[in-house]
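Peer 1: The primary structure of each chain is shown beneath.
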Amino acid sequence: MSEKAVLTGEHFFIGDVAAAEGALAAGCRFFAGYPITPATEVAERMSRRMPQVGGIYIQMEDEMASMAAILGAAWGGNKAMTSTSGPGFSLMMENIGLGMMTETPCVVINVMRGGPSTGLPTLVGQADVMQARWGSHGDYGSISLSPSSPQEMFDLTIHAFNLSERYRLPVILLTDEIVGHMSEKVVIPDPGEIKLLERRKPALNLPPEDYLPFAGGKDLVPAMANAGDGYNVHVTGLTHDEWGYPVMSDQAQERLVRRLVEKIRKNVSDIILVEQVGLEGDLEAVVVAYGCTARSAREAVERARDRGRAVGFLRLITVWPFPEELVRNLARRTGVFIVPEINYGQVALEVERCSAGLAETVGMGLMGGTLHTPEEILEAIEEFGGRARS
Amino acid sequence: MIRKMRPLPPFDPAVLKAKVTRDHGLHPMDVYLKPGRIPHIWCPGCGLGVVLSCFINGLKMAGLRPQDCAMVSGIGCSGRASGYMNMDTYHTTHGRAIPFATGLKLAKPGLTVTVFSGDGDLFAIGGNHFIHAARRNIDLKVLCVNNFNYGMTGGQVGPTTPILAKTTTSPYGNREHPFNLPHMAHAAGAVYVARWTAFHARQLVVSVNETMKKKGFTFIEVIAPCPIGYGRPNKLGPGLEEMKYYREKSVICHEADPSQVGIDLSGEIIVGKFIDLDRPTFSDLYLNAPVDKDKK
Amino acid sequence: MKKFWRLPLDAGSHTIPIGEVRIIKERCKGCGFCIEFCPNKVLASSKAFNAKGYHPPEVVKEGECVNCNLCEIICPEFAIFTVLKEMRQVTREDILKYTERHSPSSGEAPDEEPWG
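For the record, the sequence lines run as chains A, B and C. When the first sequence is numbered by my numbering, its final residue is 861 and no position is left out of the sequence of numbers. When the second sequence is numbered by my numbering, its final residue is 315 and no position is left out of the sequence of numbers. When the third sequence is numbered by my numbering, its final residue is 1557 and no position is left out of the sequence of numbers.
Rather than coming from a laboratory, the hints here were simulated on the basis of the structure. Check before you lean on any hint, since a few could be wrong.
To be verified - The calculated lysine-lysine pairs, modelled on PhoX-like cross-linking and capped at a C-alpha distance of 20 Å, are:
#1 A/Lys475 with B/Lys312
#2 B/Lys263 with C/Lys1482
#3 B/Lys38 with C/Lys1488
Here the structure is a predicted model, which is why all the values come from computation and not from measurement.
Put together the whole structure using the sequences plus the hints.
Peer 2: The structure is reproduced here in structure tokens:
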């Protein structure tokens, strides 16, 4: 470790530590968190590294304070992050909603574990997927990224910061205990090779009284003035108009909420990231997976393809927004989607919805604590692959 | 899925501009107020307008310009104050103004950050955040407007409601002990603790000025009338009668022992500056801690 | 009853600020704070209404405002303020007015004789 924020070179990190290093490489200089298994290592790494790079680590009294603090730091001009797991994620929901409503850029890492409630603190789960999309009350657009390896923990944390600055919202890094606690090689490039995005500021020659803090541009994202920039912005969780003033009217609500949702919907082509293997032509089956499960799923698909079966693999790097178009198109070319995940079936529901009856969906759900083996996914491919399309 | 929605109503910036031209600038303090937002939503006789006015005068006395300051507020009638200030203001979720302000202050240490909130927001849902920020001595200026109830929602019992007081959720008289706010603030570690009422406007201006110049977690409790939520059910009369009651029953006692300044429904109210001491702030300690650059 | 037989020797070094009260009638919500707490009781409720139906205050003691600014600070609505009109020398009439105002015949408690 050193005072350098970017530890260029090859490392052997656990996923949590890789994510912390990714945040530092992205320019994060404020971390407010609370210890929770299996995300504590992110906080521990940050508590060591932040003073070295001149940032601030503050351990807040609970997760709600952590989320509020990173929103405040973001408005102070910093890139800010927190990390937690299921129980803390639930606590943070109200302030994630505040972050969505006030369009505050920040990153929330959720290292998923077995739930519900206290659940299996030290073992894997993937059951917070729907919560990451719909967890806070009201309508808003949401972005969640799902790394499958410590290297991706590093890369996707940087990407999460870029997306949060670009689209002005809290971005959720939806990882799980297996990826968070596994050790693997992580290659950190030179700082010059890391592409960073910053929030768009108001035009230089715009007088403060003409600046509309919550008027979206063509991409529906407003320019952001930090505290102390001289624009005297009022930021509120109440429904507000383009000036930021609270306005209790359905017209203001219509304009604001539609923009919050469409900010993400209209920009999906820029946001959605997937890994596609063997998805050309007509397919016997498509395996859809994300996070740690994708590692087993990939192995199963490779073995099936080695045996000559036309099986494709779709890995969701962005779980939200969900690749609806892609799945709908795939549904025309395959008879069945196989969705292994460590929950009762959450992404499986999305796959089923988007396949619009054109293909069957097989949800392979584990409730938590362990991973699918490639053998059992291969077994499912053998059992359900080749089903005729309805 | 096909989505059929109503046509989107347009936004016209000119509507506000017309209101600003008509009304803004008539009063010397309008320069600190957000153009076009007066009149505020508070009831006639409410003490919040007085506290806001004293706060602005305190800023003026301290020589602070709007761009040197930020205000963070929570939910409730007092939380609306940030919407009326002409500076960077943040109206956050219930009880979370203090941690938000903590993040803001640590990210922008040059700003003077005020937390303007109410008794319920700061000491019920926000109680945990209050004591920790005081413990850490984060450099925040906390102004608590205490009207002894939850006013915005219609006058419910709160953590500072005196025993036997009537509110909509204590119809037979409150049977819970209230907090003694200066005592809590002092015990948690605040470096400046004062209490005034909305009647003591001049002293409040001086107190605000002192906190602006002081480093560390400062706390001013301001007792304010709430004629609709608290005054009416407890037969205290309109706002003016509550103010006269403060005039009659307040006793100025600087450096009083904070544990002895509790309030009951008809007793005297001890006001003054109780605590004024010095302690290293969170930033003092954290940013100056020696760091081993090679620590693994 | 205290009575000054002549102008105090240091009267020349004191001036009385004379203020002018400015009322933004449309902002007033009739709370009555300025009327009650003005130290010189310069204001009273007017009979006129503003657009919201409240009775704004009006000046009833012309020339008595001393620009103390209390109404400006204590008004919750930012509806009243004072500006300094002039600084006036203290005259014998001012002294007489003070002693008459606080004499027993005016109904207020008399000042204690400083001589015991």
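Peer 1: Evaluate each hint against the coordinates.
Peer 2: We went through each hint and held it up to the structure:
no.: 1; hint: A/Lys475 with B/Lys312; result: holds (9 Å)
no.: 2; hint: B/Lys263 with C/Lys1482; result: holds (15 Å)
no.: 3; hint: B/Lys38 with C/Lys1488; result: violated (28 Å)
The structure fails hint 3 only (numbered hints given earlier).
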